[in-house]
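Protein chains in written order, with numbering that gives the first Met the number 0: chain A, 0 to 213; chain S, 0 to 179.
Take these hints with a grain of salt, some might be off.
Ranges of calculated distance between the beta carbons of each label pair, as one might list FRET restraints [unchecked claim]:
| no. | chain 1 | residue 1 | chain 2 | residue 2 | range |
| --- | --- | --- | --- | --- | --- |
| 1 | A | 110 | S | 118 | 27 to 33 Å |
| 2 | A | 159 | S | 154 | 42 to 48 Å |
| 3 | S | 102 | A | 112 | 44 to 50 Å |
| 4 | A | 53 | S | 147 | 38 to 44 Å |
Cut-off 25 Å, straight-line C-alpha distance, at most; resulting in silico cross-link-like pairs (SDA-like, lysine to any residue) [said to hold, decoys possible]:
| no. | chain 1 | residue 1 | chain 2 | residue 2 |
| --- | --- | --- | --- | --- |
| 5 | S | 68 | A | 105 |
| 6 | S | 146 | S | 67 |
| 7 | A | 97 | S | 90 |
| 8 | S | 119 | A | 188 |
| 9 | A | 62 | S | 112 |
| 10 | A | 59 | S | 85 |
| 11 | A | 158 | S | 119 |
| 12 | S | 68 | A | 94 |
These are computed hints drawn from the structure, not numbers from a lab.
Backbone N, C-alpha and C fix where the C-beta goes; we use that ideal spot for every residue, glycine too.
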Amino acid sequence: MKHIFYILIITIFSVCNPIIGVAVTPVIGSELTNTVTALNKASAQLKSMECEFVQTKNLKMLKDKMVSKGKMYYAAPDKLRWEYTNPYQYLFIFNGSKVFIKNKGTQNVIDTKSNKIFKEVARIMMQTVTGKALSDSNDFVISVSKDATTYFVSMTPKKRDLKQLFQSVTLSFNRNSKLIDCIRINEKNGDYTVIKLTNLKSNRSLDAKLFSIP
Amino acid sequence: MQSYSAFLSRLSLLILFLFSPFSGYEIIAGENGENGAIVNVDETPPGEYELPAGDSEVRRWNINLSTPKAAVSGFFLIRDENDSIAGSIINEFGISLADFRFNPVSGKVKFINLTGFLNKWYLKKLLAKDLSLALKRLTTPSLSSPKGYDVFVSSDTVVIHNLKYDITYQFSPLSDETDK
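So that you can see chain A by itself, here it is in the shape it has in the complex (with noise of 0.2 Å):
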């Protein structure tokens, strides 16, 4: 049983992840556990990073993609600044219990103590970007898998919530500096969108400006 559920998420992962190499296998017993314990003290010694990203979003309806470019700065423990800048203007930050979204002529702060759902999916936010989510099994069921270069992990969405959100999101960690180099994010109805991070940078001094709320 557990041979076939293995040789499922190789067959998985070989034909409908287009990020993955062609030599993928899967992590299990020992192995998984070392990974995983490996790839947790990464993120718990991670107290920022920042980096620019390529988001692509593909649309199945229309066949297309829709490219987006912008940067991101992450400050342990709950800071995140994510901003769009082609080719759209959008600014999303995190910080301790307020939301602040900019977007062209509008701004708003949103105070997740009174929205405990939004507080929600900006944890997992955080956590996904910065692949501390793998230590979260409350959320998600994870499996794992690699290449020569990069661990995979799977995170399926346990609660109902994220189901509507997402099919599944697959987590791509550099073996060598065991950080998160891209997400994909997989939909139910046949979207995908990748989010490739480059120039990445750890654990460097950030201005607190990046972060501040209006």
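Fit chain S to the supplied structure of chain A, relying on the hints for placement.
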């Protein structure tokens, strides 16, 4: 038929939860509107809308949808096909709200995929009707406003206001803002 208030609450809740960016929010601070309502001001200079480079088929708009309790934004994307228009609505984070197909002859919108909370018959009916009007105006701006709606069309912006449910849809072309 659901009562107006229950319907509006559900629609607002849906929008709040799913469309900005992953979840919803209530407006507690904002600009440019009465009673906290957010009105998106399109500052793109009037002029001919140009499709994004490298894409000669898919047309893209910014979409802002607002109710008395919530305001959300995203992108409205359509492609002309042989006898219909295919479309998708997504938010800035790429999360899909709806896929649909529009028949220009019948004027009807058919949803192919609809995010869970929207998948109620009365919401689908409302959105299909509003989107049908939007698609007609985006492709033929000179048409008059039907009963129950206010429609405003500028050189590149289309605003549709559903008077009964006080829902406003604003469409403006998606342009590359990198150099602005």
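Here is what the structure says about each hint:
no.	hint	in the structure
1	A:110 with S:118: 27 to 33 Å	holds (29 Å)
2	A:159 with S:154: 42 to 48 Å	holds (44 Å)
3	S:102 with A:112: 44 to 50 Å	holds (46 Å)
4	A:53 with S:147: 38 to 44 Å	holds (43 Å)
5	S:68 with A:105	holds (16 Å)
6	S:146 with S:67	holds (21 Å)
7	A:97 with S:90	holds (20 Å)
8	S:119 with A:188	holds (17 Å)
9	A:62 with S:112	holds (15 Å)
10	A:59 with S:85	holds (11 Å)
11	A:158 with S:119	holds (21 Å)
12	S:68 with A:94	holds (24 Å)
In terms of the numbered hints stated before, the structure departs from none.
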